[in-house]
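Novice: Sequence:
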Amino acid sequence: MKRKLYMDVIRIVAIFAVVLLHVAADNFYVFKYTSFEWQVLNVYDSLVRFCVPLFFMISGVLFLRD
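Residue numbers (my numbering): 43 to 108.
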C-alpha cells in the first residue's frame, strides 16, 4: 500500500486540534459562564471538536483500504 500524503496532513491537523481541544478544556472553569471570555472559549472549543470524528474516519479509511 502506497502512503498518501493527504492522509498525513489530515492527521497532523487532527492532532493539532486535539491539543487545542485539551487547552480549551483546561480553561473552562477559569471564567464565569456569563463572561465574554467564556463565550469566546466556548466558540473556540466548538470549532476544534471535529478532531475526534476525524480520527475515526481516518482510522476507517486506513483500516478498510486494500
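Rather than coming from a laboratory, the hints here were simulated on the basis of the structure. Quick caveat, the model's predicted, so the values are computed rather than measured. Hints may contain errors.
Said to hold, decoys possible - DEER-style ranges, computed between Cβ atoms:
(1) G102 <-> A67: 22 to 28 Å
(2) R45 <-> P95: 38 to 44 Å
(3) E79 <-> R45: 39 to 45 Å
(4) S77 <-> R107: 42 to 48 Å
Ideal Cβ positions, reconstructed from N, Cα and C, are used throughout, including at glycine.
Novice: Run every hint past the structure and note whether it holds.
Specialist: Hint-by-hint comparison with the structure:
In this structure, G102 and A67 meet the distance hint of 22 to 28 Å, their C-beta atoms being roughly 25 Å apart. A C-beta distance of roughly 23 Å is found between R45 and P95, which places it outside the suggested range of 38 to 44 Å. For E79 paired with R45, a C-beta distance near 42 Å keeps the hint of 39 to 45 Å intact. Against the hinted window of 42 to 48 Å, the Cβ-Cβ separation of S77 and R107 comes to about 47 Å, which satisfies the hint.
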